[in-house]
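S.K.: The whole structure should be built from the sequences, with the hints applied where relevant.
So the protein lines, in turn, are chains Y and H.
Under the UniProt record's numbering, think of the first position of the first sequence as 1, with each following residue one higher.
Under the UniProt record's numbering, think of the first position of the second sequence as 1, with each following residue one higher.
Please keep in mind that the hints were generated in silico from the structure rather than gathered at the bench.
Here a beta-carbon is modelled for each residue, glycine too, at the ideal position from N, C-alpha and C.
Accuracy of the hints is not assured; some may be wrong.
To be verified - Here are the computed lysine-lysine pairs in the BS3-like style, where the Cα-Cα straight-line distance is at most 30 Å:
1. H:K394 with Y:K199
2. H:K393 with Y:K71
3. H:K119 with Y:K199
4. Y:K178 with H:K394
5. H:K245 with H:K586
6. H:K119 with Y:K48
7. H:K245 with H:K145
8. H:K245 with Y:K199
9. Y:K178 with H:K393
Said to hold, decoys possible - Footprint (simulated), chain H over chain Y, 3 or more residues, beta carbon under 8 Å:
10. 15–23
11. 61–75
12. 207–217
13. 227–241
14. 265–278
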Amino acid sequence: MLYKINHRTTYRYVSPVSVGSHVACLKPRSYEQNQVVQNSLKIFPEPKTLDERIDYFGNALWFFTIEEPHKELIVESFSEVLRTGDRVPDARASLPWEESTLLLREDHTPEGLDAYQYQFESPRIRIANDFAAYALESFTPGRMMLDALTELTSRIHKDFRFDSRVTTVRTTPEEVFKKRGGVCQDFAHVQIACLRSIKLAARYVSGYLRTYPPAGRPRLIGADASHAWISTYCRGAGWIDMDPTNDIAPTDGHVTLAWGRDYGDVSPLRGLILGGGSHDLQVEVDMEPIDVLPRIAF
Amino acid sequence: MIGDLYQTALRYGTTYEESSTDGVRPRPHWEPLIHSLDQLGTEELRRRWALAERSIRENGITYNMYGDPLGVNRPWKTDVVPLLLLEEEWKFIEAGIIQRAELLSRLLEDLYGDQNLLKNGHFPAALLYGNPSFLRPLVGVPVPKHSHLHMLAVDLARSPDGKWWVLADRTQAPSGSGYALENRTIVSDLLPELFRESNVKRLAPFFRAQREALIAMAPRENPRIVLYTPGPHNETYFEHSFLAKYLQFTLVVGSDMTVRDRRLYLKTVSGLEQVDVILRRVDDGFCDPLELRGDSLLGVPGLVEAIVAGNVTVANALGSGLIESAAIMPFLPGLSRHLLGEELKLPSVATWWCGQDRALDWVLNHLDSVVVKPAFPSRGMEPVFGSELPEAKKAELIERVRAFPHEYVAQEQVTLSTAPVWEDDRLNPRSIVLRTFVLNTPNGWIALPGGLVRVSEADGTVVSMQRGGHSKDAWVLSNDPVDTFSMLRPVNEPLELRRASHIVPSGVADNTFWLGRYVERAENIARILRCLVPKVRHGEVSELGGLMSLHSSLGSSKSKLRKTKLAATTFALFEKELLSMLTDIKRWDSLPSTLAEVGRIGGNVRERLSADLTLLIGQLRTAMDAEPGVPLAEYSGMLTGCLELLSAFSGMERENLIRGSGWLFMSIGRRLERAIYMTRQLRVITRPLSAENWDYLAYLLDVADSSVTYRTRYYTTLQPIAVIDVLMMDETNPRSLAFQIEHLVELYEKLPRHDTGDLKTMVNALNRLRSLDLQAMLYPAQDKLGRRNAALGRLDRLLADFEQLLPSWSNNLSSRYFSHARTLPITMGQ
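M.R.: Structure representation (C-alpha cells):
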C-alpha cells in the first residue's frame, strides 16, 4: 500500500521564545517492506541551522535551531511510503526461544552486535525480576520463539487497558506495569522490559498506523496518530515486529518511522527553548492510502 | 629516633609501612624528614600547623561533602608529613601509568570509532552496550588529537609486599591535581628548609604542559579556553576555581555558554565571545540536554552539535567516562598485548567481571574475600564487603548478581600500605591511596611527579575524600637538582600587550554586582548595630524613641520589636532583637547571614578576586562567629572589627581593582545599596519625625559617619533640614544620597551597551535632587495652625519615588546584563 503521510506539530508559546534548539525524528526509515518514495520537512519560522545526521541506530535525525524570537513553532513532515506486509515469519523462527538469548553474546558479526545492544537496559527501560516473571509465563522452557512471543503480545493486550488518562509521556514501565494501563508507548515499553528481562533483544519502533473510518463515513483528515510497537530479534528469522496495543503482527497498515532502545531515542520532536513560558501542543497526523497500483521500480 | 614520634605500634603487622620497616628506624630516604620533624619539636610543629590551618581557612581551600552537616565549603584537610618516594620507584610508577594512559586512550578511540575490538572479540560488547556512560551520539565524531583522554588519574595502592597496584582509573573529569598543588604549597611552606634540601621534583611544569596542550587542541589561533564547572555546590569546586586562575582560563558554568550557528559562545556583558576549548569538569552525560541527558540543568544545549561541526574541542572528550568502569580491568592485560604489543606494566587489583561465566562462579564462591561493586559507577550502588554481610543479605546479593551478572564486578580487598600522619602531637600510621595524574601532550605523555595522597579516617580502611578523609602531599625525591620552573612566563618569550583583556561572563557580572550590594548591606547593618548596641544596653527612656527609629531604618521586616508600656520591658525586647540580628543565621536580614552571603557570592567569583580580597572575604565570613550565649556587650568590639574588615575591603576595591566591567558592576551594586539605605533612613525624617524621636538625627549622623562634618557646619544644633542637606544633597559627602546617584550615572554610562532609557532615569533622578531648594523648607511638619508642611510633603514624595525607582532600576540592570545568564532552557517533547 502506498501512503501519503502528513505529520504536523505545532507549539504555541505564551511568551516569545528567543532561542530554540530541536531534534526531529520524522523521516521514515527505508527498507525492504517500508520504502520511502519521498520525504520533505517544513519548519516555521525558518531555522538558522538545519542538519541531518544518522544516529547510532540508523535513524535520520534533523537538528535545527531557531534564533529569532517566535511564539509559534510549526514542524511539518510529508512522506510517501510504500509499505508491503511484513514477511510471514520463517519457519526457522520457531527455534526454542532460549536460542535467541544465549548465542547473541558470542555473535561478533555486525548483525549480531547490532541486535545484542537491544538486550540491555536503556534510559527509560530497566530490567527487573517482575518483568521476567511475567514474560516467563509465556516463555516456558523450550517453547518455540514465535509461539511464545505471540502469546506474550496477546497477554499484554488482554491484561493492560488502553487508557490515555493514566499515563504521561514520562511514565515508567514499572508504573505502567502496576497500573495495567496506558497508551501504545507504554504497551511497547512494558513488552520490551519483559523481553529484555529474559535476555531477549527488543527495540522500540515508532511509526504510523492506518485507521479505518466507520462504515459509510468519509476518512477524517488529521485523525490518524503516531503509533509505537516493538520488534524482537529471533535467531534464524531476524527482527519480528509485534504490536501489543492491537495484538497483531504489523501488516501493511503500519508504516515505520524509526527505531531505538526506547521512546527517548526516537521521540518525533524534542528540544530546548529559552523563554516561552507555558506552551500548548497540537499534533496532527494524516495518513492517506493511495488506491492505485503501487509504483514499483524494478 | 622515630620512636619518639610514634606513640602507637604499627596497627597491622602485615601492612607495608611507608616510612619504616620496623616502626623504630626510618627507611633511609625518610631519615631527613623524621630527623627534621624531631628537630622542630612538638611546639614548633604545632605553631606552624596553626598558621597553615589558618591559611587554609582564609584562602577558602575547601572540599564540599555531600550530606555533611557542615554543608558545603568544608576546610581542606592536609597533613604536615609528605609521602616520600624515591626517584627509581617513581620512574617505575611513571612508566606504568603512562602505558596505561596510552592503552585507555586507544581503547576509547576504538570504542567511539570503528569498534574493531568488539568485532574481533577482544572487548566484550556487553561492557559497551550495557554501560550507561556509553554516549552513542559521540560515536564516529572525529576528536582532535590528544583530547580523547587529555588527562587520566590512576589510584594506586601498595600491597604488603611493597608492590604497587591500580585500584581505579578516572577518565571522566579527573579531580585532585589542583589539590595536589595546594598541598605542595602548604607543606613546602611548613617545612621550607627540608623542602629546599630534598630535591623534590616540581609540579609546575606539568601544569604549564597542560595549558600548552589545551591551547594546541584549539581549532584557531589565540583560542579562548574555559574551565567548565558544575558550579559552587560541586564537591571539588574550589579546585575548579583554583585551576582556572592558575591556568589562566575563564571559569564558567553551563548557563554562561550558548551555542549559536554550531559555534559555542560565552555570554559576556559585552556580548557573545566564541569558545574554542573546554577543559571539562562536568560529567559528560550532563553536558548537552538536547542530545545527552535531557534532565541536565548543567548543560549547554547544542554542545554536541558544535563538537560534531568541529568548532569546539572538549577535554576530556565527551564519552570518556565510558572506561571508568572497573569491569574493564580484567581485559587490560589482553588489550595491552593486542593494542600495544606489550605486557601491562602496572597490574590492576584482582577484579572479576561477573558478565563472564567463570568469573561469576568464582565470585559467588568467594564472596567473603571480595568487594562487590556496580560494573557501571553511574548506577550509584555502594560497594559491598562480602565478609561484612549477614547471611540473609548475602543471599539477596547472590540473587541480584545471578539475575543481571554483567552489572557487577568483584574486587579483591586490598590491604593498603600505611604512612605516618601527624595529629595529636604524634605520628599515627594511616592507610593511604596515591592518586597519580597523566597528561596527553603533543610531545607525549607527562606524569605529575607524585600526586595526591588520600588518607583514611582513624581506624578506617576505606579511603575517600567524600567520606571525610585527609590528604597528603607526595614528594618524589630526585637524585639530581630539580628544575625550579614556575608558571611565570620565561622573560624572553614574546608577549602581546593587552589592555582590558578581561572579558566578564554575564554570570560573573551578576555575582560581582551582588557582592558589591551585600558588602555594602553588611556595612550598613553593622554600622546601625554598632550605634544601637551600647545605647540600648545603657538605655535612657528619653532615648528610646530615637533608637527605635534607627532600628526601623534597618528595614527589617521580621522584627517583632514593639513599644510596650513599660520602658524596661521594651529595652529587654530590644536587646533580644539586637542579639537576634547579631547571631541568628536563619534570619535572612541578620548580620551573620548577610556576611555568609558575602562569603557565598565571593566564593562564586573566587577566581576573579585577588588573593588578598579572597582572604578578606574569608575573614568576613567568620567575623561575627561567637560562642552561643555571649552577652550583648561583647559584640561592640566584634562589630568594630567587622567594620574594619569592611573598610579594608572598600579600600582594596578602590585602590587595587582594575577599572573593568567587573569593578563597574561591583561599584554600581555598592552605590545602589547605599542609596537604598540612605533613602530609607532619610524617609524616617520626612515622614515626619516626631519630637520625642529627635535623637534619631544624631544617631543617623553617627551611622553615616557625618557627625564631625555636621558639627563643623552647625555646631550642636540638630535641625532636620540641615541633616537632610548633609546626608541627601551634599555631593561632596561620599555617604550622601546625591553622591550615590551622581556616581551611578557616571558608572552606568561606562558599561558596554548600556540602556539609554535607564541612563536617563538616573540622570533625571539626579536633576530632581539638585533642583530641590531646602532653604524653602520648614520644620516642624506642621505650622502652629496645624497645617501640614507642603514642602516637606514634597520631599517625602521624592524619597518615596526613590524607594520605588532604585529597586526597579536594579531589576532593569539585572535583566539587561544578567538575565540570560540565569534563564534555564526548558525541555520540551520528552
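S.K.: To test your reading of the hints: which numbers does this structure violate?
M.R.: When the structure is compared with the hints, numbers 2, 5, 6, 8, 12, 13 turn out to be violated.
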